[in-house]
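Peer 1: The residues making up each chain are set out below.
There are 2 protein chains.
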Amino acid sequence: MPQHTAGAPLSEDAILKILARHFPATHPSLLLGRGDDCAILKAEQALCVSSDLFLEDVHFRRAYFSPEDLGHKALAVNISDVAACGGRPLGFTLGLGLPRDVDVPWLEAFFGSMAALAGKYRMVLAGGDLSRADRLHISVTVWGEAISAGAPFLLRGGSLPGDSLFLVGLPGLARVGLQELEAQGRAALAQWPAACAAHLRPEPQVDAGLMLARLGLNSRPPALMDLSDGLIRDLPRLLGHTGELCEGGEGRRNRLGASLLLPQGLLHPEVVRHALEQGKNPVHEALLGGEDYCLLGSCAPDILPILHTAIPGFHSIGVITDSGSIDCNNENLDELHGFDHFAAEDA
Amino acid sequence: MPQHTAGAPLSEDAILKILARHFPATHPSLLLGRGDDCAILKAEQALCVSSDLFLEDVHFRRAYFSPEDLGHKALAVNISDVAACGGRPLGFTLGLGLPRDVDVPWLEAFFGSMAALAGKYRMVLAGGDLSRADRLHISVTVWGEAISAGAPFLLRGGSLPGDSLFLVGLPGLARVGLQELEAQGRAALAQWPAACAAHLRPEPQVDAGLMLARLGLNSRPPALMDLSDGLIRDLPRLLGHTGELCEGGEGRRNRLGASLLLPQGLLHPEVVRHALEQGKNPVHEALLGGEDYCLLGSCAPDILPILHTAIPGFHSIGVITDSGSIDCNNENLDELHGFDHFAAEDA
Numbered sequence: 082m083p084q085h086t087a088g089a090p091l092s093e094d095a096i097l098k099i100l101a102r103h104f105p106a107t108h109p110s111l112l113l114g115r116g117d118d119c120a121i122l123k124a125e126q127a128l129c130v131s132s133d134l135f136l137e138d139v140h141f142r143r144a145y146f147s148p149e150d151l152g153h154k155a156l157a158v159n160i161s162d163v164a165a166c167g168g169r170p171l172g173f174t175l176g177l178g179l180p181r182d183v184d185v186p187w188l189e190a191f192f193g194s195m196a197a198l199a200g201k202y203r204m205v206l207a208g209g210d211l212s213r214a215d216r217l218h219i220s221v222t223v224w225g226e227a228i229s230a231g232a233p234f235l236l237r238g239g240s241l242p243g244d245s246l247f248l249v250g251l252p253g254l255a256r257v258g259l260q261e262l263e264a265q266g267r268a269a270l271a272q273w274p275a276a277c278a279a280h281l282r283p284e285p286q287v288d289a290g291l292m293l294a295r296l297g298l299n300s301r302p303p304a305l306m307d308l309s310d311g312l313i314r315d316l317p318r319l320l321g322h323t324g325e326l327c328e329g330g331e332g333r334r335n336r337l338g339a340s341l342l343l344p345q346g347l348l349h350p351e352v353v354r355h356a357l358e359q360g361k362n363p364v365h366e367a368l369l370g371g372e373d374y375c376l377l378g379s380c381a382p383d384i385l386p387i388l389h390t391a392i393p394g395f396h397s398i399g400v401i402t403d404s405g406s407i408d409c410n411n412e413n414l415d416e417l418h419g420f421d422h423f424a425a426e427d428a
Numbered sequence: 082m083p084q085h086t087a088g089a090p091l092s093e094d095a096i097l098k099i100l101a102r103h104f105p106a107t108h109p110s111l112l113l114g115r116g117d118d119c120a121i122l123k124a125e126q127a128l129c130v131s132s133d134l135f136l137e138d139v140h141f142r143r144a145y146f147s148p149e150d151l152g153h154k155a156l157a158v159n160i161s162d163v164a165a166c167g168g169r170p171l172g173f174t175l176g177l178g179l180p181r182d183v184d185v186p187w188l189e190a191f192f193g194s195m196a197a198l199a200g201k202y203r204m205v206l207a208g209g210d211l212s213r214a215d216r217l218h219i220s221v222t223v224w225g226e227a228i229s230a231g232a233p234f235l236l237r238g239g240s241l242p243g244d245s246l247f248l249v250g251l252p253g254l255a256r257v258g259l260q261e262l263e264a265q266g267r268a269a270l271a272q273w274p275a276a277c278a279a280h281l282r283p284e285p286q287v288d289a290g291l292m293l294a295r296l297g298l299n300s301r302p303p304a305l306m307d308l309s310d311g312l313i314r315d316l317p318r319l320l321g322h323t324g325e326l327c328e329g330g331e332g333r334r335n336r337l338g339a340s341l342l343l344p345q346g347l348l349h350p351e352v353v354r355h356a357l358e359q360g361k362n363p364v365h366e367a368l369l370g371g372e373d374y375c376l377l378g379s380c381a382p383d384i385l386p387i388l389h390t391a392i393p394g395f396h397s398i399g400v401i402t403d404s405g406s407i408d409c410n411n412e413n414l415d416e417l418h419g420f421d422h423f424a425a426e427d428a
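Chains as they are written, first to last, in the numbering used here: chain P, 82 to 428; chain R, 82 to 428.
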């Protein structure tokens with residue numbers, strides 16, 4: 082057991098020993114675990130891979146994120162990308178830049194919470210890198226496999242006019258949590274418990290993604306993505322209007338649109354209450370809300386009934402059109418914009 | 082083409098368009114490239130995977146690293162981990178936290194240099210994440226495959242007493258470069274060109290790693306790792322005395338040792354000159370030198386002649402013993418310690 086007391090400086094070896102107690106080093110998907118230059122993955126079938134940064138004072142503040150919250154969320158938002166491909170998460174690597182005030186109790190709480198989420202999905206920590214840093218810095222790369230050998234991953238493209246649009250989970254709650262945590266710190270948990278939980282401890286929709294992939298075996302696979310920047314910013318990506326990491330460009334030739342029906346009654350009560358207290362439109366607030374890690378997708382309308390039955394939290398929210406624009410409850414939304422890390426700070 | 086001028090704020094989409102011009106989005110090893118929630122790798126055989134952080138003012142300073150140097154080194158040090166497993170690099174993901182002063186010319190230079198190195202090894206950028214950050218932050222996850230289906234990756238373990246120890250490349254040069262760049266900035270390039278180049282633009286030893294893996298097909302595979310923290314700190318890892326990420330613990334039961342022969346005449350002239358100018362022992366300085374990204378390994382002595390012939394930069398430097406300790410040129414080195422990120426700053 083480590084000999085350190087709270088606040089004492091930590092050696093790299095001491096940190097690695099704490100980590101080793103929380104994360105098993107072997108896994109059926111690994112030929113070689115941590116400790117060498119690389120980990121070695123069995124990889125007998127296709128793998129989906131995603132990387133995310135999670136940086137202090139950019140993506141989170143330690144003023145209201147506990148170490149348990151951080152350990153959970155840093156991994157959860159990455160697992161969500163695997164879920165959005167209909168994949169089964171297998172493993173991850175962790176890059177961790179630690180400020181000097183991080184001590185043993187902090188690391189125990191952080192690793193413990195991350196290990197609990199990894200264990201829930203039977204994922205292995207396959208490697209990573211430790212460093213000093215001024216601010217807490219977490220980078221995760223995650224990978225997963227398809228539900229069975231040869232089964233498809235679910236992609237963003239492929240929607241057709243007439244397809245049904247759906248969500249698994251509901252948008253807007255995490256943004257309310259963010260706003261109230263920024264304003265009040267953790268005192269916000271008393272008045273906005275669901276919203277704060279949505280922001281601090283999002284739950285990736287792995288089971289729903291796997292269920293959607295299973296359906297894709299017998300019919301046209303659903304289009305699927307996760308909501309990280311808000312429905313109003315992410316929906317155009319599902320429609321192929323804009324692309325992340327390199328698919329941008331001349332997508333405007335694509336004339337897919339969407340007509341949403343999102344009645345206020347469908348929204349979480351905390352989202353409605355928060356918007357009304359601020360004199361804002363609850364539906365607009367829900368559409369703008371980022372970091373929900375809901376799944377957003379489209380499918381042929383004939384499989385809607387089975388999805389409603391099979392997937393908890395499944396909601397039909399409209400149809401794919403050929404209009405090239407997006408409306409919600411008969412209001413055109415082309416002027417409503419979601420979150421851009423760079424635009425937000427440069428404005 | 083982007084419309085931005087130097088210093089103008091950059092949107093995320095503008096950054097992604099620059100990136101897209103430098104990095105092709107398709108690759109024989111990818112079923113799906115950038116732009117979706119995950120990239121999808123074909124993965125018909127085992128993959129080796131590694132992640133590294135590369136953080137401003139921890140791992141580098143922009144005072145003397147040009148954007149071209151940074152784009153090269155951030156990827157090179159990750160490729161080196163694949164080389165150290167005898168693997169062929171295939172692809173990588175890139176997490177990039179950008180301060181506000183990063184502009185279009187900076188990004189063009191950074192991406193251009195990274196893309197040149199990726200192109201040299203035919204690697205694909207499969208995805209990643211962009212964010213604002215106070216300081217430049219680069220995290221890379223890299224993967225590769227074995228030289229042929231079913232061929233082994235080369236691991237750190239497996240040395241036997243009597244095996245020959247070898248290096249590909251020579252240690253100490255990058256540390257001289259670091260010290261002089263810290264002292265003089267880029268003016269150091271005039272007086273210490275090889276040392277500065279070794280620190281700013283290390284070349285991963287991919288061809289040597291593949292050649293060693295090829296030899297491993299017909300005989301006991303060599304043990305192999307790359308030198309990132311200095312020979313004196315990394316050699317105990319090859320011997321199994323200490324482990325990174327979770328293999329630490331009770332390794333002292335392992336009684337492997339090493340007897341090195343590292344004549345001063347073998348060292349790079351800039352290493353010798355630098356040590357002598359400072360009144361230090363050139364061999365000690367070489368043993369302490371970190372970030373060399375040489376390969377360090379051991380093999381049965383009977384394959385030494387073919388390795389000498391086949392691998393440029395190959396040097397025998399001693400033998401594996403059963404003494405449990407390390408000596409060099411008949412001097413015991415158990416008191417000499419290499420670099421620890423955490424110990425170094427906390428001391």
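A hint or two may mislead.
For identical chains, the list gives no copy identity; a pair is met inside one copy or between any two copies.
Claimed, not checked - Simulated pairs of lysine to any residue, SDA-like, Cα-Cα distance not exceeding 20 Å:
1) Lys98 - Asp288
2) Lys123 - Gly231
3) Lys123 - Ser229
4) Lys123 - Ile228
5) Lys98 - Arg314
6) Lys123 - Ala232
7) Lys123 - Asn413
8) Lys98 - Gly239
9) Lys123 - Ile392
10) Lys98 - Gly321
11) Lys123 - Leu298
12) Lys201 - Glu189
13) Lys123 - Ala275
14) Lys98 - Ser110
15) Lys98 - His322
Read the hints as simulated data drawn from the structure, not as lab findings.
Peer 1: It remains to establish, for every hint, whether it holds in the given structure.
Peer 2: Structure-based check of all given hints:
For the identical chains of this complex, Lys98 and Asp288 are neighbours neither inside a copy (32 Å) nor across copies (34 Å), given an alpha-carbon limit of 20 Å. In the homo-oligomer, the alpha carbons of Lys123 and Gly231 lie at most 20 Å apart both inside one protomer (16 Å) and across protomers (11 Å), since each shortest distance falls under that limit. Both within a single protomer and between protomers do Lys123 and Ser229 lie at most 20 Å apart by alpha-carbon distance, with minima of 15 Å and 14 Å respectively. In the homo-oligomer, the alpha carbons of Lys123 and Ile228 lie at most 20 Å apart both inside one protomer (16 Å) and across protomers (15 Å), since each shortest distance falls under that limit.
In this homomeric assembly, Lys98 and Arg314 come within 20 Å of each other (Cα to Cα) only across copies, at 18 Å, whereas the closest approach inside a single copy is 42 Å. In this assembly of identical chains, Lys123 and Ala232 lie within 20 Å of each other by CA distance both inside one copy and across copies; the values are 18 Å within and 13 Å between. When the C-alpha separation of Lys123 and Asn413 is checked against a cutoff of 20 Å, the pair qualifies neither within a copy, at 49 Å, nor between copies, at 41 Å. For the identical chains of this complex, Lys98 and Gly239 are neighbours neither inside a copy (47 Å) nor across copies (23 Å), given an alpha-carbon limit of 20 Å.
When the C-alpha separation of Lys123 and Ile392 is checked against a cutoff of 20 Å, the pair qualifies neither within a copy, at 31 Å, nor between copies, at 29 Å. Taking CA atoms no more than 20 Å apart as the test, Lys98 paired with Gly321 passes between copies only; the shortest distance there is 16 Å, against 46 Å inside one copy. In this homomeric assembly, Lys123 and Leu298 come within 20 Å of each other (Cα to Cα) only across copies, at 19 Å, whereas the closest approach inside a single copy is 24 Å. Within a single copy, Lys201 and Glu189 get their C-alpha atoms as close as 18 Å, which meets the 20 Å cut-off; across copies the closest is 42 Å, which misses it.
Neither within a single protomer nor between protomers do Lys123 and Ala275 lie at most 20 Å apart by alpha-carbon distance, with minima of 40 Å and 40 Å respectively. With identical chains, the CA atoms of Lys98 and Ser110 are never at most 20 Å apart, being 23 Å at best within one copy and 36 Å at best between copies. With identical chains, the CA atoms of Lys98 and His322 are at most 20 Å apart between copies only, with a shortest distance of 15 Å across copies and 47 Å within one.
Violated hints, listed in ascending order, are 1, 7, 8, 9, 13 and 14; each of the other numbered hints is respected by the structure.
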